[in-house]
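S.K.: These protein sequence lines map, in sequence, to chains A and B. Letter 145 of the first sequence, counting from 1, is numbered 145 in my numbering, and no numbers are missing. Letter 176 of the second sequence, counting from 1, is numbered 176 in my numbering, and no numbers are missing.
It should be emphasised that the hints constitute simulated quantities derived from the structure, not laboratory data. Keep in mind that a hint or two might mislead.
Said to hold, decoys possible - Derived list of chain A stretches under chain B, where covered just means 3 residues or more per stretch with a C-beta under 8 Å from a C-beta of chain B:
1. 121 to 131
2. 192 to 206
3. 328 to 338
4. 381 to 389
Stated by the list, open to error - Pairs of lysine to aspartate or glutamate residues, derived as EDC-like cross-links and limited to a Cα-Cα distance of at most 16 Å, are as follows:
5. A:Lys360 with B:Asp221
6. A:Lys33 with B:Glu143
7. A:Lys355 with B:Asp87
8. B:Lys55 with B:Glu71
9. A:Lys355 with B:Glu143
10. B:Lys90 with A:Asp70
11. B:Lys55 with B:Asp178
12. B:Lys147 with B:Asp178
Think of the CB as a built atom: it goes at the ideal place given N, C-alpha and C, for glycine as much as any other residue.
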Amino acid sequence: MNCKSVLDSCFAVSVAFVFAASAHAADDADALKLEGAPIEAVAASARDTRFFLEAVVGNSSQRYRLGGLDIGRVSLDFSQTFRVGTALRFFLSDRVDHIYPDVVGADATVNSLREAYVSWQGDGGGTVVEFGRINLRYGPAYGYNPTDFFRDGSLRTLTTANPFALRENRLGSVMLRAQRLWAEGSLSFALSPKLASVPSRDGWGLDLGSTNNKDRALLALGMKVAETANIQLLAFKANGLSTTIGASLTALLSDATTVQAEWSHGSEPDLLSRARGLSAPSTARNRFAGGVTYTTSGKLSITAEYEYNGFALSKSNAAALAQITPMGQVAYQVEAQRLQDLAARQAILVYLSQKDFLTKNLDVTAFVRANLNDASKLVWMELRRHWTNFDLALQWQQTLGRATSEYGVLPDRRVVQLLGIYYF
Amino acid sequence: MVNRSTFLFAIWLSFGSWAYAVVSADEILVASDAIRNPGRPFSVTVTLTEFRAGKQVDTNTLISYSRTQQEGGQFSSLIRFVLPARDAGKLMLKNGSDMWFYDPVSKASVRLSPQQRLIGQAANGDVATVNLARDYKAAMAGEEEIKDGDGQSRKTYKLTLAASATGVTYSNIEMWVDTQNSRPIKARFFAESGRLLKTAYYRKYQLQLGAERPTETVIIDGLNPQSVTIMRFSDYVARAIPESWMQRDFLPRFQPE
């Protein structure tokens with residue numbers, strides 16, 4: 001390279017540098033001309049209300065009948081916090097779902113009084129005492145929560161297969177709950193009495209028989225054990241069963257990676273015996289879920305989770321059940337769903353979410369659940385566009401597997417639906 | 001002898017001026033932090049307006065509750081989303097590297113990685129409210145006259161900040177601080193790779209909680225300068241914020257006045 005070419009290169013680099021600097025300056029000058037949106041005065045009452053209307057239309061391709069089945073749903077969802085003085089709050093959370101076609105034996109319109117409780121906070125929030133119907137939820141895993149001890153019987157309607165969205169519909173249990181918090185931890189105690197014996201089929205009933213059909217108590221200790229690691233230790237006692245213990249952990253592994261795991265160990269009848277209503281002896285088993293979430297710089301979050309339920313049927317027993325009594329298999333699935341338990345002995349979940357996919361305010365969420373025993377799968381995907389007060393979403397769901405498998409036995413082979421949600 | 005004395009004097013002078021420069025750069029940064037962040041627990045309403053190519057594409061409102069950690073001195077913040085209605089009541093907690101997102105409807109507390117936090121609107125929060133002096137080592141890079149966010153010429157110290165703590169979002173920062181009053185004027189935030197992530201202008205200074213503080217921050221995306229976010233700060237209120245609020249287990253209980 002001669003001197004001239006070196007000088008030319010230097011000149012080109014200098015020009016490029018000056019050009020880039022002046023381009024930056026021009027960009028900055030343009031940006032500084034912009035004016036932010038006016039500051040909206042938001043009344044405290046408005047901040048305490050959440051109210052939306054959701055309408056769904058779609059079609060389900062069926063396994064056990066010819067042609068598709070038109071499906072639809074309209075839901076009203078309402079939550080409100082009422083404040084009395086500085087220490088007292090009253091929470092109300094309710095949802096009404098009208099489902100088409102209605103489920104055989106159930107009302108087409110179902111009201112779910114999710115929460116209605118009074119909360120007192122003393123000592124600047126250091127002490128909390130609450131009473132009423134409370135949705136008390138534990139567990140950091142994405143798809144299966146062995147330490148979520150109040151999950152069974154909590155869903156009146158199944159409006160989605162997405163485990164995250166499913167949690168939004170669940171009923172709380174009537175309980176007295178107290179919590180003490182300090183700088184890096186908390187201790188809480190919940191006492192939930194038996195108030196009814198059997199679930200209610202009345203669409204407008206409180207359905208205490210689903211959420212409060214036995215006396216239960218839960219003790220939970222939460223602690224920060226390192227700068228980026230938290231644990232929870234739990235002890236749960238239900239009337240007629242021995243104490244179940246549980247633990248969960250979440251930690252930050254790197255700037256882009258988190259890990260979450262939870263485990264419980266207890267003694268109870270196996271899931272098949274519960275589905276058949278048999279009085280089988282209790283056996284001590286484990287439940288576990290553990291996963292890793294990685295987020296790319298392109299706003300894509302990927303979670304891979306392994307799930308284990310020692311009370312579920314083993315691979316050979318599940319296959320035998322499906323061969324001998326197909327209806328028994330269906331009853332087994334229904335019971336697992338009612339208990340919000342894992343029907344498979346082993347399963348995996350891969351969950352993806354991408355914000356601002358291709359364009360601003362367009363999100364993609366997708367997941368695959370796979371039963372490791374029978375290799376059946378549930379695939380779900382959603383494309384959702386946000387506007388200020390309105391969301392429009394397209395959902396697609398497909399079940400794959402042999403006719404005798406967990407997902408292959410379900411009547412819905414493929415579901416495609418369009419959702420519109422208006423936020424008031 | 002004279003030569004030796006001159007040599008020692010030169011060493012003393014260079015060491016002394018180096019020490020002076022280091023101390024003064026850090027002091028300037030501390031003073032600049034104190035202007036952005038009130039020295040007591042407070043809440044502030046933040047209105048974020050997002051622009052693409054000059055067009056407004058999104059608006060969000062949130063309330064940030066902040067306090068200084070007893071250990072380490074870093075700010076911890078509990079952010080409550082207010083608008084749009086879809087996000088009302090959702091919470092984000094940042095307590096050092098301990099970051100959580102909480103949805104009151106699903107009752108789910110999800111641990112966030114720094115990369116995940118960058119996805120949301122609150123990602124810009126640490127450009128506005130963070131105690132940089134705690135996590136970065138400052139060095140004086142000279143004095144420059146620059147245009148501030150309001151178009152006025154300002155004589156500034158240019159500081160270069162290198163991360164001295166782990167888990168920080170930005171590896172390096174360039175900061176311009178007014179020589180007259182230690183007001184932050186402009187900052188450029190860099191990734192470890194040297195890539196420019198954001199440029200921030202602090203402007204529209206007003207009296208808030210006993211000091212003149214910037215009530216608007218203009219943030220320009222480093223990769224796409226056409227992507228601009230304006231953060232407006234209003235309703236500063238000094239309030240009691242116990243340290244016990246800054247943890248996951250308090251998120252379901254968080255119901256401030």
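S.K.: Decide, hint by hint, whether the structure agrees.
M.R.: Against the structure, the hints come out as follows:
1. For the segment 121 to 131 of chain A, the assignment as covered by chain B holds, since 5 residues bring a beta-carbon within under 8 Å of that chain's beta-carbons and 3 suffice.
2. Residues of the segment 192 to 206 of chain A with a Cβ under 8 Å from some Cβ of chain B number 0, which does not satisfy the need for three, so the listed coverage is violated.
3. Chain B is given as covering the segment 328 to 338 of chain A, and this is violated because 0 residues of the stretch bring a CB closer than 8 Å to a CB of that chain, at least three being needed.
4. Remark: the segment 381 to 389 of chain A is confirmed as covered by chain B, as 3 of its residues place a Cβ nearer than 8 Å to a Cβ of that chain, reaching the required three.
5. With a C-alpha separation of about 14 Å, the suggested pair Lys360 (chain A) and Asp221 (chain B) falls inside the 16 Å cut-off, and the hint holds.
6. At roughly 26 Å between alpha-carbon atoms, Lys33 (chain A) and Glu143 (chain B) are farther apart than 16 Å, so this suggested pair is violated.
7. Of the pairs offered as hints, the one joining Lys355 (chain A) and Asp87 (chain B) holds, with about 15 Å between alpha carbons and a cut-off of 16 Å not exceeded.
8. For the given pair, Lys55 (chain B) sits about 43 Å from Glu71 (chain B) by alpha-carbon distance, which is inconsistent with the 16 Å threshold.
9. For the hint pairing Lys355 (chain A) with Glu143 (chain B), the CA-to-CA distance comes to about 41 Å; that exceeds 16 Å, so the pair is violated.
10. Taking the CA atoms of Lys90 (chain B) and Asp70 (chain A), the gap is near 34 Å; set against the 16 Å cutoff, the hint is violated.
11. Taking the CA atoms of Lys55 (chain B) and Asp178 (chain B), the gap is near 31 Å; set against the 16 Å cutoff, the hint is violated.
12. Simply put, Lys147 (chain B) and Asp178 (chain B) have alpha-carbon atoms about 11 Å apart, close enough for the 16 Å limit, and the pair holds.
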